[in-house]
Amino acid sequence: MVNSLKSMRAWLLKAVHLVQKTVRVIIDYIVLIVSSRYFFWGVIAFFIFEAVWVACSFRYPMVFDESFHVTITKLFSNQLSPFILNQPDFYDRYGNLSNGNATIFHYLMSFPYRLIVSLSGSFMIQIVFMRVLNIIMVASGLMIFANIFKKIGIRQVCINVALLFFALIPIVSLVAATVNYDNMLFLFTAWYLAVCVNILKSKKIIWHNYVWLVIIGCFASLVKFTFLPIFAASAIYLIFFVVKEYGKTFIAKFMQSLFLANKLTIITTSILLAVGMFSNLYLQNVVRYGTPFPACEKTMSLERCMKSYTIKRSINLEKTKNERPLSPLPVFTLDWIEIMTQSPGSTAATSATGRMVAANPFIAMRNIIFFGSIFVLVIIIYCWRAFSKNKGWYFLIIIASTVFMAVFIDNYLVYLKTHAMVGIQPRYLLGVLPIVIVMAVVSVGFLFKKSRYLKVVTLLIMLLIFTQGGGLITHIVRSNCNWYWDKAIVCEANNRARDLLTPLIK
Amino acid sequence: MRGKIKKVVNKAVQIIGSRYFFWFIIALFVFQAVWIALSFRYSMMYDEYYHFGLIEYFSHQWLPWINNQSVNLDQYSALARSPYLFYHYLLSFPFRIVALFTSDFYTQVISTRFINIGLFVGGLVVFAKLFKAMKIQPIFRNVALLFLVLLPVTPFVAATVSYDNAIFLLTAIFMFVGIRIIQSPKIQWHDYVLIVLIGMAGSLMKIAFLPIFAAGFIYVFIHLFINHRKKIKYNFIQSFIASSLWLKLLLIISTVIVGFFFIERFGVNIIQYHSLEPSCAVQIGAERCRSNYVELRSGDLKKARTGVPAQAPQYTLTWISTMESGLLITGANTKGKYGTEMGQPLPIISVVVSIGAIVSLATFFYSFDKLRKLSGFWMMMSISILYVGVLFYKNFSDYYTYYQAIAIQGRYLLPLLPVIMVFLVLGINYTMKKRLRLKLVTLIVVLVFYMNGAGIITHIIRSRNAWYWDNQTVYQVNNEAKNLLNPFVKEYWYEKEK
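Just so you know, the sequences run in chain order R and P.
According to the working numbering, the stretch in the first sequence is residues 1 to 506, in order.
According to the working numbering, the stretch in the second sequence is residues 1 to 498, in order.
These are computed hints drawn from the structure, not numbers from a lab.
Predicted model, so just to flag it, every value in this text is computed and none were measured.
Glycine included, C-beta positions come from ideal geometry on N, C-alpha and C.
Be aware that a few hints might be false.
Said to hold, decoys possible - Some chain R residues near chain P, calculated using beta-carbon distances under 7 Å:
#1 S327
#2 V331
#3 L334
What the hints assert, rightly or not - Calculated lysine-lysine pairs in the DSSO-like style (CA-CA distance at most 27 Å, straight line):
#4 K506/R to K433/P
#5 K7/P to K389/R
#6 K433/P to K391/R
#7 K482/P to K449/R
#8 K248/P to K389/R
#9 K248/P to K233/P
#10 K151/R to K244/R
#11 K244/R to K433/P
#12 K433/P to K7/P
#13 K370/P to K389/R
#14 K244/R to K201/R
#15 K490/P to K321/R
#16 K370/P to K450/R
#17 K373/P to K450/R
#18 K391/R to K434/P
#19 K233/P to K449/R
#20 K439/P to K389/R
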């Protein structure tokens, strides 16, 4: 009896040992896979697949002002100059184009547009082509972000996981698949931050970093004015850094580095072009109207401005603002958080009737984004010491915070003017969201320290939750044939995918 | 110059951290609460009619339960199995003494309100002792308590005849005994008995005390088993033998009596009704229940329920927002016991509290590693998390029953606010490290803004004559105070536009 008990115990111990070993091997494999470069490329491919699916499925125009961007791109395709000096009346519905509404994004996009128009007469192919270009911009932005994170010492596994979760937020693929300047801004933001991090990490002054900084900063601001806070905050940060690091020797060292460079003419021309175009728009606006982005009615007649739906809505909201109560700041803040955490999980499209249709996020997505955001904030604060010794981190955190603050303040100022919650959209934060997500992933890693088991289990649980509406799933399951291009194959492919996915979603 | 500034800063720190400053806080609190008690007419908005009515009812009988509920009592809901009566029963004794001397209703209400203020002051003193036992420096204790007594809800609840005041005191004592147990290297039997006794008494006063009791009890007993293991029985007996006869008698008799009531209420309720708090309809029938305002409202809300309820995130934000404003509002029942007229929070204090909450929570998590080393930190956290979690769950389940965000009240956080606030103050202190001047300047700046609506100021500014007792002196004093304060208090710009 005693012997059989002993042998049973030994057998049990062996079994436990075997299970432990198997689990360890599985975890090692998972870590190995997730931390590999292949996984990174897998994430990029996955993101492109999602966005291309949306681009090929959803009919024109998509909800994030796609018709505006495509129309202005078309306008530029008829001219070689990037400036609109005389705005035709037809374009009044898009606001004041010459003072900031038509941007360098539309101008640059007009070239591939010219190309595709010459190759294909199909409107669908033209739009899908431009959408794919936008997707490539975001994918390139993701690659640059991965490089930035690598430069500041983040492990590949954290980068991969962070970018995967970023790609799994439904709004990311929806915005990327839209012809929209936010996508080019995403690329420029990543590129600009990469240059900044290069400056911060570099032990000596390399002239081309600073030149690139100015050129990309100016062009990014010309893509969309919302880059201005990033430009300003980073400039202030870098000035402080340079003064602290190099003091009065900076100019001498910079000139020394510059004189060693070839092709000074190209450099000078590029800088002059960037600064010139920047000044032509923003400085001129500041001088003439007292603001870098003047209201339409300051630059054109009110009658013409009222032809634009958004301007008409703003003016009407301002006129009727006293009909609506003004909530105190804390209440506005909570409402703002609610919208900002609800929209990333939702989807929307223009239906066959031309009406905009939106679908609410799945419960799991809604909850994970809301409670996840709170958790992310708490964990980043708690694990602050994991980042505190890195100059690059500080810089990225300041930039991310600046963007969040700028968007919040802008929304609040609009609210004060109109007493209405308008223009509150999480897509404005997408440019810095990879920074926040990677910080959260690093924090979780720091919190669990050496427990690979816990890290892997957390990752698997999160991925399981994201199967309930993550990424493309929301767009497929929440949509219907009315949302798609009028092509039977598109409808069929989406219906089949929906039939496949629906049983998996609770 | 630097030397002078340093001297001034040191002096200020010395003053704020002194015993005198603590007593100044107590005096300030008593002044505010007494002002409200003397000004606001009966019944005040936190169900004063219910509490005072039941105290008055119990003053006519010696037994703490109501077996045959008359129809007159239906306005208080079903009472036969109610787990809320212990407070009313206990308060009926001082009420009897007051009633012996005067039959004047005004005097009776004011006296009972004063007793409640006394209970709250007792709570503040015990909380201060608790923080001292946790080795928190006097300056942080005082700053936390100062901000607490300057929250508009604090003197307002204290001035109301309400079981919340007794719960505030009992929570403080419960935690204090818990800390003593954790800190003591030896087993003191009376501390363990006390913690059970207070836990049961508190739960009999208000069922919301149960999570505090459960969390504290579990924490303390896990601590006991981890630290004393096999010697528990022996040490318990040793400690029991060593204590005085009077202590033994007092504690055993009290525990037996309160324990009997505890089992009689909760035990019987669970066995007979499968619920800690049986519904009113089960006890006296739905029709009679409609005499009670809360039951009436619940029934009506359930009938009127339409649409789709919001999801958890949306509800959570509403809950946070309502809880926050619930700490800053004022109000009065101008049409008898119902028809509450609310006074909205003043804007600046509202913004200060919101920003302060966000910043201090951030500093709390930032300094978490230092804070968790405080003696008793995990006990406090366990109690706070379980209490707030249960409160949120209760509100949330009510929401899914009625599709209306009801019964979300900032005052429910009061028993734990001293602890939460002292941790938040410590979090800010740890984050600011040794920048003494910055800390002092921050304190002064925050306090200046906070005063724009702090404590009694909100109640004076937002109230009107219909809220006060029908007394010319009360009208005059409050109106003069309002005139005096008005120029300093900022309203929302849109209200000025009107």
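Hints versus structure:
The beta carbon of S327/R comes no nearer than 9 Å to any beta carbon in chain P, farther than 7 Å, and the hint placing it at the interface is violated. The interface hint given for V331/R holds, since its Cβ lies 6 Å from the closest Cβ of chain P, which is under the 7 Å cut-off. The beta carbon of L334/R comes within 5 Å of a beta carbon in chain P, closer than 7 Å, and the hint placing it at the interface holds. Of the pairs offered as hints, the one joining K506/R and K433/P is violated, with about 49 Å between alpha carbons and a cut-off of 27 Å exceeded.
For the hint linking K7/P to K389/R, the alpha-carbon distance of about 35 Å lies beyond 27 Å, and the restraint is violated. Among the hinted pairs, K433/P with K391/R is consistent with the structure: their alpha-carbon atoms are about 21 Å apart, no more than 27 Å. About 58 Å separates the Cα atoms of K482/P and K449/R, which puts this hinted pair outside 27 Å; it is violated. Simply put, K248/P and K389/R have alpha-carbon atoms about 59 Å apart, too far for the 27 Å limit, and the pair is violated.
Proposed proximity of K248/P and K233/P is supported: the alpha carbons are some 17 Å apart, at most 27 Å. Taking the CA atoms of K151/R and K244/R, the gap is near 22 Å; set against the 27 Å cutoff, the hint holds. With a C-alpha separation of about 24 Å, the suggested pair K244/R and K433/P falls inside the 27 Å cut-off, and the hint holds. Taking the CA atoms of K433/P and K7/P, the gap is about 19 Å. The hint holds against a cut of 27 Å.
Distance restraint check for K370/P and K389/R: the Cα-Cα separation of roughly 20 Å lies within the 27 Å cut-off, and the hinted pair is therefore satisfied. Restraint check: the Cα-Cα separation between K244/R and K201/R comes to about 14 Å, which is no more than 27 Å; the hinted pair holds. A threshold of 27 Å between alpha carbons decides the hint, and for K490/P with K321/R the separation of about 22 Å falls inside it, so the pair holds. Annotation: proposed proximity of K370/P to K450/R holds, straight-line Cα distance about 22 Å (limit 27 Å).
Our distance criterion of 27 Å between C-alpha atoms is met by K373/P and K450/R, whose separation comes to about 23 Å. Pair hint K391/R plus K434/P holds up; C-alpha atoms about 24 Å apart against a cutoff of 27 Å. Restraint check for K233/P and K449/R: not satisfied, since their Cα atoms lie roughly 40 Å apart, outside the 27 Å limit. Among the hinted pairs, K439/P with K389/R is consistent with the structure: their alpha-carbon atoms are about 25 Å apart, no more than 27 Å.
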